[in-house]
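There are 2 protein chains.
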Amino acid sequence: MNQQYSSVLLEKAVNEFSKLPGIGPKTAMRLVLHLLRQETADVEAFGQAVITLKHEIKYCRVCHNISDEDVCRICSNPRRDAVTVCVVESIQDVMAIENTQQFHGLYHVLGGVISPMDGVGPSDLQIQSLVERVAAGGVEEVILALSPTMEGDTTNFYIFRKLADMPVKITVIARGVAQNDELQYADEVTLGRSIANRIPFNGQM
Amino acid sequence: MNQQYSSVLLEKAVNEFSKLPGIGPKTAMRLVLHLLRQETADVEAFGQAVITLKHEIKYCRVCHNISDEDVCRICSNPRRDAVTVCVVESIQDVMAIENTQQFHGLYHVLGGVISPMDGVGPSDLQIQSLVERVAAGGVEEVILALSPTMEGDTTNFYIFRKLADMPVKITVIARGVAQNDELQYADEVTLGRSIANRIPFNGQM
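Chains as they are written, first to last, in our numbering: chain A, 133 to 337; chain B, 133 to 337.
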């Protein structure tokens with residue numbers, strides 16, 4: 133046992149929290165002592181929620197989003213526009229786009245982007261299943277909504293070539309100055325692109 | 133279910149993490165997805181460590197520190213100097229002092245300081261048990277090691293009066309400029325006190 137801990141159980145719990153990303157030993161200690169002050173039922177709810185999630189979670193077999201069922205509630209929703217598929221990197225990106233309430237199609241979660249530096253190749257991602265999904269028919273537009281980084285661009289291009297011969301429209305989300313950004317502080321690539329890709333203005337944004 | 137979550141199980145786990153102090157929903161999501169990527173055994177170890185801690189933790193009946201036994205390993209260690217008792221606010225303070233390796237006596241964990249603003253009075257703290265511990269004999273020195281705040285000072289004074297008639301030496305930890313602090317940036321109370329409480333210098337710190 134580490135000299136400073138007065139309890140092996142406490143040390144174990146603090147060590148478990150310390151394994152989480154961005155949680156150092158002091159924060160871990162604070163979180164554990166906070167939990168210790170809660171009711172037993174609340175602490176059990178906390179521990180069990182994590183264990184149950186790990187045991188029972190599924191990944192949608194259509195879009196690979198996290199799901200409670202074999203097919204997630206977005207893919208199985210008849211009111212969604214099933215001919216439009218938005219390709220994203222992660223589950224968080226699905227949530228971010230859902231939050232905008234601007235998209236009513238379906239998703240395809242790649243699980244990352246191609247990154248040779250991190251040893252992530254096309255076969256580590258859900259790209260083949262995207263190709264099969266499009267080849268199966270019924271998809272009219274694939275929207276590439278990956279991060280505007282070199283890795284994102286590489287992945288966009290890879291998917292573009294894989295789908296190039298298929299009768300599907302391929303689009304990419306707009307890049308430009310962000311809402312409420314001050315123009316003078318926008319980086320030159322972004323600003324240049326937002327000028328090159330200017331769109332007709334009808335009097336309202 | 134919140135619109136943005138594709139899984140009730142995921143939402144539950146994220147909600148549980150969001151209840152922790154300083155953890156917002158985005159951080160909670162990141163932590164939960166991190167856990168989901170770990171092995172099942174590791175996730176179970178995480179959840180169980182917290183639940184087991186809550187079920188089996190004890191508080192030392194002598195010093196009220198967190199413990200696996202009825203009496204903690206510090207109080208039951210025969211090599212500790214049992215005549216010196218250091219009064220601290222919290223378990224973290226015990227750990228901080230243990231880390232210095234400068235103290236070999238025992239502790240008394242109050243569980244807070246007197247703070248009328250927060251509704252914490254003497255009876256909410258382990259002060260009576262400190263008085264009884266000293267009254268039982270065997271304690272030669274009580275070191276008050278509370279935070280140098282108004283609440284800490286109030287608590288120091290309250291304990292001082294409670295113990296005033298007993299044959300025990302009462303000391304308080306030194307306040308002054310911190311190691312490696314730049315003198316010009318020290319606050320005036322601290323600096324003034326460190327001059328008033330200057331000690332003989334024997335050529336080495």
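To be clear, the hints were calculated from the coordinates, so they are not data collected in a lab.
Please note that the accuracy of each hint is not assured.
Same chains, same names: a pair is fine if it fits in one copy or spans any two.
As the list claims (entries may be wrong) - Heads up, simulated PhoX-like pairs for lysine-lysine below, C-alpha to C-alpha not over 25 Å straight-line: (1) K158 with K190; (2) K294 with K158; (3) K190 with K144.
Each hint tested on the structure:
In this assembly of identical chains, the alpha carbons of K158 and K190 lie at most 25 Å apart only when taken from different copies (21 Å versus 34 Å within one copy). In this homomeric assembly, K294 and K158 never come within 25 Å of each other (Cα to Cα): the closest approach is 49 Å inside a single copy and 34 Å across copies. Taking the closest pair of Cα atoms, K190 and K144 come within 25 Å of each other only across two copies (15 Å); inside a single copy the shortest separation is 29 Å, beyond that limit.
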